[in-house]
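Enquirer: Protein sequences appear in the order of chains A and B. Counting in my numbering, the first sequence runs from 1 upward without gaps. Counting in my numbering, the second sequence runs from 249 upward without gaps.
In short, the hints are calculated from the structure, not lab data. All of these numbers come straight from a predicted model, not from anything done at the bench. Note that CB positions come from ideal geometry on N, CA and C, so glycine has one too. A portion of the hints provided could be inaccurate.
[Said to hold, decoys possible] Okay, the calculated bits of chain A under chain B, using three or more residues with CB under 8 Å as the criterion:
| hint | stretch |
| --- | --- |
| 1 | 6-14 |
| 2 | 82-88 |
| 3 | 140-153 |
[What the hints assert, rightly or not] A partial selection of chain B residues facing chain A, derived with a Cβ cut-off under 8 Å:
| hint | residue |
| --- | --- |
| 4 | T330 |
| 5 | T334 |
| 6 | M387 |
| 7 | R400 |
| 8 | K402 |
| 9 | I461 |
[Said to hold, decoys possible] Using C-beta positions, here's what the derived DEER-type ranges look like:
| hint | chain 1 | residue 1 | chain 2 | residue 2 | range |
| --- | --- | --- | --- | --- | --- |
| 10 | B | F311 | A | F174 | 30 to 38 Å |
| 11 | A | N98 | B | V317 | 38 to 46 Å |
| 12 | B | Q416 | A | T5 | 30 to 38 Å |
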Amino acid sequence: MMFFTVFKHYLKRACVEPMGILLYVLLPVGLVVLNNLVYLTSAAEYDYVVYSTATTNQTVFIAMLFQLIGGTYIVDYIFLDFKSERRWRLLATPVSLNTHFFAAIAASIVFLMVSNLLILGIGHFFFYVYLGNFAMIFAALFFMALFAQLLGVLLSLTLEKKATASIAVEVIAFVMSFGFFVFAQSLPVVGGFLSTYGTPFSAGMLAINRSGFYNPDMGGAFLGLGILIAFTAVMACVVAIIGRRRPL
Amino acid sequence: MVIASMKNVVKRYGEMMALDHLDLEIQQGEILGLLGPNGAGKTTAIRALCGLVGVDGGEISVFGLAQGVNNVLIKKDMGIVTQEITVFTDLSAGENLRYFGSLYGLRGAELSQNVARVLEFVGLSEHAKKRPSKFSGGMQRRLNIGCALVHRPKLLIMDEPTVGIDPQSRNHILESVKQITAEGTTVVYTSHYMEEVQAICNRIAIMDAGRVIAGGTLDELVGRIQYEDTVRLTAVMPSDALTEDIRAISGVKSVVVSGSTYVIVSGADSGNLNRIMEIAMRHGGVANISADKPNLEDVFLTLTGKKLRDDKEGQ
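Work the whole structure out from these sequences, hints included.
Expert: See the structure below:
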């Protein structure tokens, strides 16, 4: 019961924070709309009779990128609520710190999933984005969001300043999404492997794309999802170990 | 009746002894002032009492329950006002109160009634829908207090609740503390401002180096220190004869004359005020006379050898 009380509180804060709405909802929606409009106005009509590979790739890429960057949400909550004087006020309530903490993670995941489902929905209904298997998309978004939050927790536990931890999340997200893609051009074998399977980002993209895009390949989709879950599990173990040594 | 007690409590941070065999009792219905210089261990004592930090030794009991084992039960009837503003700036005043109330298990109509009552109490009813970031420092402080009151705690811990606010808001808060106590809540009040403690606390505990070095009512504390009485007299007809006669009174240590004003220092409880009056009347009369009593500041200085706050802090 208390978990849901705290969960609602964090979800509400995410929904009323103007900068968060701007950066994690309006900005990706704007990017999706702009990129896809530019593409569709220049593409030949037969490229998107039923769906468009280009708009699908762009939209899924942006959704997954912002899901990953969304790790900054938990960074904010940890520094504002658990690594500040407010910590004592929360500790003084009959609700355990763990309940506050896990409810904050759950609320961040739900907020990011809803905002990214919105992005994919806009892409699907207005820009010929083909989404394939909805359950697979949902699962990939969930584990990507969970991975991002765990990454945020890890960096918050190990870094002293909120700004440093937030920037670190963003840099890691951009390196995962763009870095190995660039690397793949110069070293096709290693780079290609990394940009397909080597990061949570690429694994998530693989799961969504293979679930119904090009030629539906559920084996490939499950492989991508499995890799993403494995990355998330490893990250959870690392966070648990660091969390025991450096508790909040 | 004792509502909470700390017996022989020890808390170490590495080599540093934050609480050094601390003994403290809080009586039901009182306002206990906890005074001490920076680093005296006040905040650690409060956190230990609330069960927010573990201790290395000793016993803490609140509402007759041992702290630690019954942590959650105890917390339900305690409220804490933190030194810094710890309300959520991204939520409105009303939403803050609702959230803190719900964390203590309040729901539905009871929660709404308590939120309305506290908003009224802290004078923020008209600002319930505004965010604290739009508030003045005093209003934020009042909301900070309100968040600790919404569940009607039996024991309220206030850690320097008036730091950095205007006199009007300070008075409002001090009056509120008296009212809270009148409604049955016991209050532990820490402050750097001795005049506040002097004004509202029934009992005072002075802490230094992690232990309580003196405790009691203000009169009891003042009575413990050896002190001199200072009488200020404005004579109608000042003269050398008057000065000599005052100096001749037994127990008078010094007489300083400045124009028609005499500052006369006697040993404590010498009872010289009446004698000085009689002599001054014989020498032409008294325009004004006053006696300075030692205050809490003097007690504190005598017991700890330190000022409670630096001059810079007090500004």
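Enquirer: Give a verdict on every hint.
Expert: Tested hints:
no. : hint                         : in the structure
1   : 6-14                         : holds (count 4)
2   : 82-88                        : holds (count 4)
3   : 140-153                      : violated (count 0)
4   : T330                         : holds, 5 Å
5   : T334                         : holds, 4 Å
6   : M387                         : violated, 18 Å
7   : R400                         : violated, 14 Å
8   : K402                         : violated, 14 Å
9   : I461                         : violated, 26 Å
10  : B:F311 to A:F174: 30 to 38 Å : violated, 54 Å
11  : A:N98 to B:V317: 38 to 46 Å  : violated, 19 Å
12  : B:Q416 to A:T5: 30 to 38 Å   : holds, 35 Å
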